[in-house]
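**Student:** Heads up: the protein sequence lines correspond to chains E and H, in order. Going left to right, the first sequence walks through residues 4 to 163 as our numbering numbers them. Going left to right, the second sequence walks through residues 162 to 839 as our numbering numbers them.
If you are wondering where the hints come from, they were derived from the structure by calculation, not from laboratory data. Keep in mind that this is a model prediction, so the values were computed, not measured. Treat each hint with caution, since some may be false.
Unchecked claim - Here are some of the chain H residues that sit facing chain E, going by a computed Cβ distance under 8 Å:
1. Glu435
2. Gln669
3. Pro773
To be verified - Cross-link-like lysine-lysine pairs, in silico, DSSO-like; alpha carbons within 27 Å at most:
4. Lys554(H) with Lys376(H)
5. Lys797(H) with Lys688(H)
6. Lys148(E) with Lys674(H)
7. Lys674(H) with Lys688(H)
8. Lys726(H) with Lys148(E)
9. Lys554(H) with Lys448(H)
As the list claims (entries may be wrong) - Some but not every residue of chain E turned toward chain H, in silico, with C-beta under 7 Å:
10. Ala79
11. Tyr101
12. Gln124
13. Arg126
14. Val133
Glycine residues also receive a C-beta, built at the ideal position from the N, C-alpha and C atoms.
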Amino acid sequence: MDLVINGQRTRVSVDPERPLLFILRNELDYTGAKYGCGEGQCGACTVLIDGVAKRSCVTPAGSVAGKEITTIEGLADGDRLHPIQQAFIECDAMQCGYCTPGMILSSVALLRKNPNASESQIREGMQGNVCRCGTYNRILEAIEKARHTMLSEGQENHRA
Amino acid sequence: MPSRREFLHSLGGGLLLLWSATDLLEAQESGGNRRRGGGNALPDNVSAWLHIAPDGKITAFTGKVEVGQNIRTSLTQAVADELRVQPSSVQLVMGDTGLTPWDMGTFGSRTTPTMAPVMRKMAATAREQLIAAAAKSWQVDPKSVTVTDGRIHNGSATHSAGYGELATQIDWVHVVGDANCVTPAANWQVAGHNLAKVNAREIVTGRHKYASDHKLPGMLYGRVLRPPSFGARLTAASTYQSTSYQIDITGASAIPGVTVVSDGDFFGITAPDEQIAAKALAALKPKWEEKQQISEGELFGFIKKDDASTSARYTISYIAHVPLEPRAAVANWEGDKLTVWTGTQRPFGVRSELASAFKMPEEQIRIIMPDTGSAYGGKHSGECAIEAARLAKAAGKPVKLIWTREEEFTWAYLRPAGVIEINSALNTDGSLSSWQFHNYMSGPSGLPTPYEVADKHEQYHEVDSPLRQGSYRGLAATANHFARESHMDDLAAKAGMDPLAFRLRNLQNPRVKAVLAAATERFGWSKAQSTKTTGFGLACGLEKGGYVAGCAEVEIDPNRDIHVKRVVVAWECGAIVNPKHLENQVEGAIMMGIGGALFEAIHFSNGRILNPHLAQYRVPRFSDAPRIEVVLLDRKDIPSAGAGETPIVCIAPAIGNAIFAATGSRIRSMPMLPAFQA
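With the hints as constraints, model all of the structure from the sequences given.
**Tutor:** Take a look at the structure:
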């Protein structure tokens with residue numbers, strides 16, 4: 004099957020039932036998506052499928068063949084970080100960082116769908132992502148900060 | 162495996178010097194004292210800790226590890242501070258037994274009070290040596306030279322030299338660190354200020370490689386056969402000559418690419434990918450012998466029999482650390498040498514465990530600990546590294562083993578459960594007259610009361626835990642503060658006093674009083690009037706050189722669900738190293754504390770964990786995050802203590818006291834929500 008990852012088409016011959024997470028990590032070296040629970044409960048494995056946040060640990064690879072897959076490795080525009088990536092750094096919105104790629108991609112999808120999301124909508128939308136280090140308030144602050152940046156810059160051209 | 166010598170060579174520098182540096186380090190490594198515990202002297206020469214390359218690049222070495230507490234950043238600040246350079250010019254090598262000085266492990270909030278001073282001493286000594294070398298070559302008074310950004314200038318600015326040029330003139334192996342050169346906190350330039358996580362960019366771009374991300378050419382994926390319950394054994398099929406086990410491996414062995422690995426009663430799988438490994442594991446047909454074990458409902462009776470004289474009994478459940486990155490290891494054998502990349506708080510300890518397991522010298526083993534996906538006290542042990550090494554040895558290829566979430570919940574260790582009993586008495590003026598405090602099983606940390614009382618007896622009683630238990634953020638200080646501060650609140654009510662006034666009546670410790678004053682002032686304690694649905698509570702304490710007070714506002718909804726709406730914590734741990742990161746640690750402790758306070762609990766029955774999945778074990782999420790305000794008190798006159806643990810201790814009692822203030826219900830079990838809703 005063909006997987007289109009960060010704009011690049013790659014041919015893989017794998018069991019289509021195998022979860023996307025392990026194809027990305029073990030076959031194609033996109034290790035930004037993390038294993039956290041294997042049952043879609045923690046969000047560490049989040050990637051974007053046609054711009055929508057999906058738990059890659061419970062997504063059969065065959066179901067996303069040919070669709071646009073965006074991983075954390077493909078979010079920045081060359082050296083220019085996505086505003087959400089930048090805001091995570093500025094707000095110190097991480098400790099161990101293991102949940103961070105999933106947090107960033109979930110919030111990218113959330114703001115893409117609703118650029119005017121309120122704080123409570125962001126909280127609700129991010130409920131499926133666990134940060135065991137407990138940096139939730141900083142993540143909320145980072146998303147809010149990036150949301151403003153994106154609105155003021157009219158970041159429609161940002162990838163994903 | 163690359164040696165420290167080769168690594169230093171790759172950084173650049175005089176080869177003769179580096180050989181002697183390496184030789185010295187190796188002499189220390191193989192010296193009389195085996196590295197199997199405490200008591201190892203740290204090297205006292207600068208070259209073991211610091212390297213300055215001819216191009217001025219600075220590399221510092223520490224056996225401590227980064228697990229999210231941001232010591233990569235704080236130690237970088239310490240080194241940059243002393244060398245008077247930008248933090249970006251300092252690279253830190255951490256937790257690599259092949260490259261860094263020996264270290265006991267990263268636990269007990271010890272990095273800031275013990276490692277930072279060593280790094281500072283070495284960097285400060287290096288700075289003074291470089292200044293002396295420059296002054297000597299220019300024949301000027303060392304006091305007349307200035308240092309900026311890694312360059313030394315003489316007073317009249319006619320000469321200047323970079324650290325890199327000067328460093329090659331110094332025999333660092335024989336330069337001993339001098340603590341007298343260290344900069345006092347009041348004069349810090351880099352530390353004491355905010356600095357973003359030094360490798361944050363790698364993390365937000367997904368480029369940082371955790372142990373579980375590591376990959377080697379030809380690497381296989383492993384799985385390990387686990388018993389259905391604790392203590393279960395494979396049924397033996399003994400013959401006169403040998404012992405074998407009743408397990409049918411033919412189905413698994415028949416799967417292409419699969420090797421079934423066995424070593425005594427250890428059985429595991431290696432396979433070309435994780436899917437085939439899982440399939441092969443499921444195809445093993447073992448016959449188990451299980452044994453009867455106690456269940457959750459019997460736990461507190463098992464720990465302590467009822468004692469009618471006790472005025473208050475508190476119970477603490479087992480909880481799990483749930484590091485988002487489970488235990489992971491990549492093991493690679495090259496001849497008789499072994500390298501393991503693994504997430505652990507004790508790389509040198511894991512090296513010892515491997516040396517014992519494989520009966521080989523520690524010198525042939527290298528543990529590399531990439532900054533890991535959190536630990537919270539839960540990654541002291543090396544079982545995953547040993548398993549990966551066993552599989553790799555049998556397969557003859559590198560093997561990656563990542564524990565599943567279920568394995569992490571079941572086969573790692575837990576925060577101890579426990580029972581705490583308190584007997585107390587008051588004088589008529591509201592002062593404590595008697596304090597008897599007994600902790601059974603959960604642990605002795607944070608046991609001594611900070612309150613003044615002449616007649617007191619405080620004791621920890623060891624009990625053999627029915628489940629595997631171990632270290633956890635703050636250890637038993639959380640349990641002991643929960644019991645003590647809940648009980649103090651009850652005594653305040655008994656005395657008819659405000660909880661704050663009652664505590665102040667019984668406190669002398671100025672640092673506890675200072676955080677209590679700061680927290681209650683920010684919170685607006687004097688105006689906080691609890692109602693039936695909104696409660697306000699406070700708690701305070703100290704542990705590991707940190708002083709904390711917290712106030713909580715909780716809302717109780719019609720379903721008797723508890724929502725923590727606002728938490729104010731005041732924290733003081735001496736001189737502040739990085740205010741923003743300190744705040745972040747305090748906030749993280751508050752969030753983790755909410756989980757243990759309200760809903761986290763391991764359920765078990767007859768040797769089985771009943772909730773070993775994130776769908777069954779509730780951890781704090783976005784909806785649980787209250788408004789958090791952290792008040793930091795900076796004491797530049799007091800050496801910095803660690804902050805990754807102690808802020809957690811005040812959360813459960815502050816919440817419990819707020820529930821009491823609203824409802825009059827005193828919940829004496831952690832987690833509190835199940836008891837409150839019962």
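**Student:** Run every hint past the structure and note whether it holds.
**Tutor:** Cross-check of the supplied hints:
no.: 1; hint: Glu435; in the structure: holds, 5 Å
no.: 2; hint: Gln669; in the structure: violated, 33 Å
no.: 3; hint: Pro773; in the structure: violated, 11 Å
no.: 4; hint: Lys554(H) with Lys376(H); in the structure: holds, 17 Å
no.: 5; hint: Lys797(H) with Lys688(H); in the structure: violated, 32 Å
no.: 6; hint: Lys148(E) with Lys674(H); in the structure: violated, 37 Å
no.: 7; hint: Lys674(H) with Lys688(H); in the structure: holds, 19 Å
no.: 8; hint: Lys726(H) with Lys148(E); in the structure: holds, 23 Å
no.: 9; hint: Lys554(H) with Lys448(H); in the structure: holds, 26 Å
no.: 10; hint: Ala79; in the structure: holds, 6 Å
no.: 11; hint: Tyr101; in the structure: holds, 3 Å
no.: 12; hint: Gln124; in the structure: violated, 11 Å
no.: 13; hint: Arg126; in the structure: holds, 5 Å
no.: 14; hint: Val133; in the structure: holds, 6 Å
Figure legend: structure checked against the earlier numbered hints; hints not met, in rising order: 2, 3, 5, 6, 12.
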